[in-house]
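> Using the supplied hints, reconstruct the complex from the two chains, each of which is provided in its own coordinate frame.
One-letter residues, chain by chain:
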Amino acid sequence: MRDFMEAAAGVLIAFFFYTVFRKISVSLIESLNVFTLAVILIGLLKGEMAGAFMGMACGLIVDSFSLGVFGISGVANTLAGYLTGVISRKVNVVPFLRSLVFIGIMAGLELAVWMGLSALIFGEGIYLGKGLIFLQPVLTAIVGSVLFLRIRKFKAKHEK
Amino acid sequence: MPQIHKERRKQLIFAGLLLVQLVLISLQVPLGEEPSYFEKGIFFIFSPVQKSVHALFQKIGSAWTRYVYLRKVEQQNQGMRDELFLLRQENIQLRNGLEKLKDKQELGRILTDLRRSFLFASVIGADASNMYKSIIIDKGSQDGVMNGMAVVDHHGNLVGRTINPVSFGTATVQLLTDDNSGVSVYSADHRVTGVLAGDGRGGTCWLKYVQATNADLAVGEELITSGIDKIFPAGLKAGRVVSIITDNSLFKKIVVRPYLGFGSLNFVAVLTQRLDTLF
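So the protein sequences, as listed, match chains E and U. Residue 142 in the working numbering is what sits at position 142 of the first sequence, and the numbering runs on without skipping anything. Plus 1000 on top of the position in the second sequence (first one is 1) and you've got the working numbering.
FYI, nobody ran anything at the bench for these hints, they're computed from the structure. Errors might be hidden in some of the hints.
Claimed, not checked - Cβ pair distances, simulated, as ranges:
| id | chain 1 | residue 1 | chain 2 | residue 2 | range |
| --- | --- | --- | --- | --- | --- |
| 1 | U | R1109 | E | L120 | 48 to 56 Å |
| 2 | E | M115 | U | G1156 | 32 to 40 Å |
| 3 | E | G116 | U | G1261 | 27 to 35 Å |
| 4 | U | Q1058 | E | L12 | 16 to 24 Å |
What the hints assert, rightly or not - One side only, chain E facing chain U, incomplete, derived with CB under 10 Å:
| id | residue |
| --- | --- |
| 5 | V26 |
| 6 | I29 |
| 7 | L67 |
| 8 | F70 |
| 9 | V75 |
| 10 | Y82 |
| 11 | G85 |
Every residue gets a Cβ at the ideal spot worked out from N, C-alpha and C, and that includes glycine.
One chain only, chain U, in its complex shape (with noise of 0.2 Å):
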């Protein structure tokens, strides 16, 4: 073949090439924010990679924890104890106080409903593009993780929500801090309500839709969830307030802190059923 001809043809692959991405590029725009089959299916491909590197890098972690490291242990296991037995005493309060409440069988049931609602899982990568937006856990499908469920950390507080694409063995979770995020939250004082979303860059959120007027929400308040958006169990804490703007829009500029810390951000638990619901 002519050399001209081979570049010709070069060319026309790369067009091609080229063509075949804008065109995926607006397929989106009918699909929204819900991946196209493509999108799922190098996801699912290459999911599996990413989750044996996390558990080659766990097992070399344990190996170190276990030979190397082991002088810390008994410091560390003192720490537990105290700590369990705070949690056993915190326990047994919270136990009487719903036996006021609830007869011993329903309350046998809601514990065990509590227990399975939470499915812990081991934080396996960031987005390729922005640390902000998203995750991925090593719980899919197959653990019973589905789209639209609510992620917190090992301290209960907010995180996300698992968003598509879900595959067998990982999920993706939206962080709160993602600019396409909403949760509907009100403030622990002043019971303020509005809507938390990611600024997607920084890694802080905007509290919206509180009217310029309302005089009541102050700096430093805590932001809880309300459940009204069905989504997010009622009861989770998601934020403090870290500053406050009022110009002259018709609504303030709050921003907020969110409690989900970033650099520790390797164990968090998925609400496989909305605990509002169990009470």
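Next up, chain E with everything else stripped away, as it sits in the complex (with noise of 0.2 Å):
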């Protein structure tokens, strides 16, 4: 129960990033994918399943916010957050730079099925945001590897 309040919370405060990022600059919400950026902290601190509701659910929120084909978005943000738990678990990803070549490398995954279904399913190209997209798994690292730093920390200190 309580790992399913703290996605649900997750989901709420991406949400809440996305809406405000929007309200600063539509170049925020394409250079940094806030849901993304939730599906892979969640998949590394939680595990894969929770990795893989959480992608689902994130997912289908921003296909529910596009006019794109619904569920697109869904797929690749579960096949993130799902691989996500299962590498973490097999591969040491704690130490500061390894987690930001981890989740880069998950971002860019996502991304990648994300416009390989996209170009798959619309048959020709894609938006890209003047290249802003590209940025998306660079600035998910350094952002996600802080993050998970300072949560790890965070969670050291309480549990001690």
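Dropping the structure here:
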């Protein structure tokens, strides 16, 4: 139950930041995907099942607030959340640099799956936000690894 | 439960989640552009959150304007007084012009209907995956917004039309620049007709179905809605032709820069009634 509440809070926080970023600048939501960031963080902290469910929830929210095909972001984020959980159990991604690279790869994978599915379904070029979309994995990696480090430190402090 | 069974169970749940979403994708084939109930449900649940965040931002913004930005108010007031003066003059001239055509009672009815036809709304969100496709506004079915109503900006230029999902308090607006949008327009100078469609990627539009043999249309011409499509009222300004390419194909490739400004699109008006039916 606690895990579910944390995941639901994660979804709401991601949605809040998505709305706030839209108010500040549209370029911000093109260069930093807060939903993918939330999915990867939950996958890292809570495991593959929480990551997959979080991915599905966040992805479907993105799809509902877009005129694209409903389900594409859902699939991409579910895959990213699940794989983040599975890989992070087998490989140590706790050190800052490792988490930076790992989150970057996972965000890149999510973007690649989303672009691949969009291109496959729409059959033509997709919107790239004047190239800003390619910043997503880099910014997600930077923000995600810093947040991951902070959350781990916070948890360690409180567990003591 | 042995570890291997736990792993298998997780893999099965994951596969199930993917399958559900693939079913959701394939369900849209018969539905076309109409969103499913599931999609509408998510929109209904989360759009109030978006509306609340927008309201919070507006409160902070107005506090800023009230207490910190007061020194600009006098200048703004002067600008608004000047604009009001000009608008009043314009209004008097238009009323006089109309009075020649209609009797006073009918004119009063027309003006009342005209005022009721505009529903002002704030833009509270953008399309989550492509900013040129749609926006979310803070007016919904409880305010009288329905699917298929034309939306204009504060200059009266065409922005797009409302599209499902429309919730109680919010609605989605399909922008002119969406690649699935189509508006019947004609050029102001040479009356060349065509369909204005978005390119969906760069904030520009294409004017489609203008034959390559048609030599009348010129770069810089303004495009105005014709009303033939029965969705958009006639007479709304949509954009300006920026380039015309004629190659071996049957139709010209005409690039149009729409008037809607993405940076300044904070307020819009929904036309709840077709203006051309009022007169």
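> Was the hint right that F70 of chain E lines chain U, CB cutoff 10 Å?
5 Å, holds
> Assuming the hint says 32 to 40 Å, is it satisfied by the Cβ distance from M115 of chain E to G1156 of chain U or not?
At roughly 38 Å between Cβ atoms, G1156 of chain U and M115 of chain E fall inside 32 to 40 Å, so the hint holds.
> Once the shortest beta carbon distance from V26 of chain E to chain U is found, is it less than 10 Å?
This interface hint holds because 5 Å falls under the 10 Å limit.
> Could you check if G85 of chain E really has its C-beta closer than 10 Å to a C-beta on chain U?
9 Å, holds
> Does the hinted range 48 to 56 Å hold for R1109 of chain U and L120 of chain E at CB?
54 Å, holds
> Against chain U, with CB atoms and a cut of 10 Å, does the hint on L67 of chain E hold up?
At 5 Å from the nearest chain U Cβ, L67 of chain E passes the 10 Å test, so the hint holds.
> Please check whether G116 of chain E and G1261 of chain U have a Cβ separation lying inside 27 to 35 Å.
33 Å, holds
> Indicate whether the distance between the beta carbons of Q1058 of chain U and L12 of chain E respects the range 16 to 24 Å.
Given about 20 Å between the Cβ atoms, the range holds.
> Return the status of the interface hint for I29 of chain E: holds when the least beta-carbon distance to chain U is below 10 Å, violated otherwise.
7 Å, holds
> Just to be careful: measuring from the Cβ of Y82 of chain E to every Cβ in chain U, is the smallest value less than 10 Å?
Interface hint status for Y82 of chain E: holds (5 Å vs cutoff 10 Å).
> Can you verify the interface hint for V75 of chain E: is its Cβ closer than 10 Å to any Cβ in chain U?
5 Å, holds
Checked against the numbered hints above, the structure breaks none of them.
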